[in-house]
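Can you build the whole structure from these sequences, using the hints too?
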Amino acid sequence: MTPDERDGTPDERDGPGTGGAATDEELLARAGRDASAFEPLVRRHSDALHGYFARRAPGAADDLLAEAWLQAYSTRHGFDAARGPVRAWLFGVARNVLSAHWRRTERQRPGRLGDGRDDPWEAVDARLDAAAVAPRLCALLTELPEVERELLLLVAWEQLTPGEAAAVVGIPAGTARSRLHRARNRLRADAPLKLTGDLA
Numbered sequence: 011m012t013p014d015e016r017d018g019t020p021d022e023r024d025g026p027g028t029g030g031a032a033t034d035e036e037l038l039a040r041a042g043r044d045a046s047a048f049e050p051l052v053r054r055h056s057d058a059l060h061g062y063f064a065r066r067a068p069g070a071a072d073d074l075l076a077e078a079w080l081q082a083y084s085t086r087h088g089f090d091a092a093r094g095p096v097r098a099w100l101f102g103v104a105r106n107v108l109s110a111h112w113r114r115t116e117r118q119r120p121g122r123l124g125d126g127r128d129d130p131w132e133a134v135d136a137r138l139d140a141a142a143v144a145p146r147l148c149a150l151l152t153e154l155p156e157v158e159r160e161l162l163l164l165v166a167w168e169q170l171t172p173g174e175a176a177a178v179v180g181i182p183a184g185t186a187r188s189r190l191h192r193a194r195n196r197l198r199a200d201a202p203l204k205l206t207g208d209l210a
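For the sequence shown, our numbering assigns the number 11 to the initial residue and increments by one for each residue that follows.
Source of the hints: derived by calculation from the structure; they are not laboratory data.
Keep in mind that a hint or two might mislead.
[As the list claims (entries may be wrong)] Simulated restraints, written as ranges between beta carbons of each label pair:
| # | residue 1 | residue 2 | range |
| --- | --- | --- | --- |
| 1 | 181 | 49 | 26 to 34 Å |
| 2 | 153 | 31 | 18 to 26 Å |
| 3 | 60 | 145 | 21 to 29 Å |
| 4 | 182 | 35 | 30 to 38 Å |
| 5 | 85 | 182 | 40 to 48 Å |
| 6 | 110 | 45 | 23 to 31 Å |
| 7 | 106 | 44 | 22 to 30 Å |
| 8 | 152 | 187 | 16 to 24 Å |
| 9 | 43 | 198 | 45 to 53 Å |
Backbone N, C-alpha and C define an ideal beta-carbon position, used for all residues, glycine too.
This is the structure in structure tokens:
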């Protein structure tokens, strides 16, 4: 897999007959007639979707990824570009697959998002600092309403824009921005650390 394929940048092989690069939307439209057009989408977005699953259900990430791709392929005709880009639609499919997984396994959303106790590199100073605050930060995240937490994690971990995250959870972009702002303010008020990056 090339770096271009990993980061979602169109590659020349995906383009229509003219040799130009095809967008995700063009590929999904072509996949309705030609199943092979779906393959570049899988190459482009598998790493990001696998990361989404691995952070939420580590033991089942590979199976959930496969299930998400099957679901995305079988529902590709239902994609509506007016509701957001293909990437956001794929994360919406992934979110639904994950919710179904939790229902099947009769488990609720995990109470902790990872506490660092199984990290083999705890001796590294940066990791130790993170491990010291991780339990409190995870507790704060689990106290957020589900939609606010999901928006925050989609933006911070999955690098979606607030508009794309809104499409994933099925709310208007303006509502997503205000809920994201509220979630960040709650974390800032209660967090025992200086938040940086997309969490801040």
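Status of the hints after comparison with the structure:
{"no.": "1", "hint": "181 x 49: 26 to 34 Å", "result": "31 Å, holds"}
{"no.": "2", "hint": "153 x 31: 18 to 26 Å", "result": "44 Å, violated"}
{"no.": "3", "hint": "60 x 145: 21 to 29 Å", "result": "26 Å, holds"}
{"no.": "4", "hint": "182 x 35: 30 to 38 Å", "result": "21 Å, violated"}
{"no.": "5", "hint": "85 x 182: 40 to 48 Å", "result": "22 Å, violated"}
{"no.": "6", "hint": "110 x 45: 23 to 31 Å", "result": "24 Å, holds"}
{"no.": "7", "hint": "106 x 44: 22 to 30 Å", "result": "25 Å, holds"}
{"no.": "8", "hint": "152 x 187: 16 to 24 Å", "result": "22 Å, holds"}
{"no.": "9", "hint": "43 x 198: 45 to 53 Å", "result": "49 Å, holds"}
The structure fails hints 2, 4 and 5 (numbered hints given earlier, in ascending order).
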